[in-house]
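Peer 1: So the protein lines, in turn, are chains A and B.
Going by the working numbering, the first residue of the first sequence is number 1, and it counts up by one from there.
Going by the working numbering, the first residue of the second sequence is number 220, and it counts up by one from there.
The hints are simulated quantities; they were obtained by calculation from the structure and are not laboratory data.
Some hints could be false.
What the hints assert, rightly or not - The list that follows gives simulated cross-link-like pairs (lysine-lysine, PhoX-like), each with its CA atoms no further than 20 Å apart: (1) A/K40 <-> B/K349; (2) B/K330 <-> B/K341; (3) A/K73 <-> A/K13; (4) B/K336 <-> B/K223; (5) A/K73 <-> A/K203; (6) B/K242 <-> A/K40; (7) A/K40 <-> B/K298; (8) B/K269 <-> A/K58; (9) A/K13 <-> B/K269; (10) A/K73 <-> A/K21; (11) A/K82 <-> A/K21; (12) B/K242 <-> B/K330; (13) A/K209 <-> A/K154; (14) A/K20 <-> B/K273; (15) A/K203 <-> A/K154; (16) B/K223 <-> B/K269; (17) B/K273 <-> A/K58; (18) B/K341 <-> B/K242; (19) A/K73 <-> A/K20; (20) B/K330 <-> B/K269; (21) A/K84 <-> A/K154; (22) B/K349 <-> A/K58; (23) B/K223 <-> B/K343; (24) A/K40 <-> A/K58; (25) A/K58 <-> A/K73; (26) B/K273 <-> B/K330; (27) B/K242 <-> A/K21.
For clarity, every value in this text was computed on a predicted model and none was experimentally measured.
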Amino acid sequence: MIVAERKPMEEIKQMVAPYKKLLLVGCGTCVTVCWAGGEKEVGILASQLRLARQAEGKEISIIEATVERQCEKEMVSELRDKVKQVEAVLSLACGAGVQTMAGMFEETPVFPALNTTFVGMPEQEGIWTEMCGLCGDCFLDRTGGICPMVRCAKGLLNGPCGGTRRGGKCEVDPEKDCAWVLIYRRLEKQGRLDLMKKYYPPKNFRAVKRPGKIQAVKA
Amino acid sequence: MSNKIIAFCCEHSAYLAADLAGKQGLHYPENVRLIRVPCAGRVDVTHILKAFEKGAAAVLVVGCEEGACQHSTGNTRAKERVNYSQTLLQEIGMDNRRVEMVNVAPGAPHKFVRIIKEMNEKIKEVGEAK
């Protein structure tokens, strides 16, 4: 899933400072799971903005809404009537959601309230870790399902480096596991340790042409 | 301007303590409004912020003593939410002493009265709500 975190309050306040009528739109998918932009976070941010304006003696009117997926035009189109009532939109979605909103309602400024950070998974309650670097040339078949590109601090394709700490920790961050120790242990369980002896040439980072686009073929 | 205190009171502890305070004829400031909740853990960050939006000068979340929650972890979760609310208030330049979590046993009416009085004094320091 896509992981994001809320921008600093000061930055958000500055973005919406000129506007008195706002629509705050959350997204009910990835950013809801990572506690950054779901219905609840929309409510919290709306309250904070109202309180901040109250303290400044200025008015603000906020409409709150959350759509199932802000990166889908069909779902965003439900907001058409609400967008007509406001001067600006503050989107609590990933970059794709913000751009979908901005593309659907071109006459209304759409501002991002979140910083989209990475593609990851929930490690434990409240902690998400990066799992995929979106390189477009998946390597996981050779590494026991552990991506060294994002989980190794140095992104080594032929690891481990000489700095692995005792206990299999990373030399860059002793809190983190060395990805290549994890890969070794995983391959050992699978009886595929021969893969550790193979050399992998530098990765082709041109696999995904920017902007990425996929045309699916209907079966 | 308002000096209203909203006190979310757990019905297993704080609400009973408040009731007992009434029965014993103990006096506490009349600017407090009690909201009975099934557990302090029911109180969410959005409830706390909404209370401030509606003009509260301070919010108290009053739950069971530590280790005595009827729902095991309601009071510890409430404490975490109150801490988070303090951060959110700070972000927008409000004094985070306006929200506080307190633990009160059902048979402790004097403690209940004391925390209300203390919060009332705190409002005098941080100022009433606009």
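Peer 1: Tell me, in ascending order, the numbers of any earlier hints that this structure violates.
Peer 2: Structure breaks hints 1, 3, 5, 6, 10, 13, 18, 19, 20, 21, 24, 25, 26, 27.
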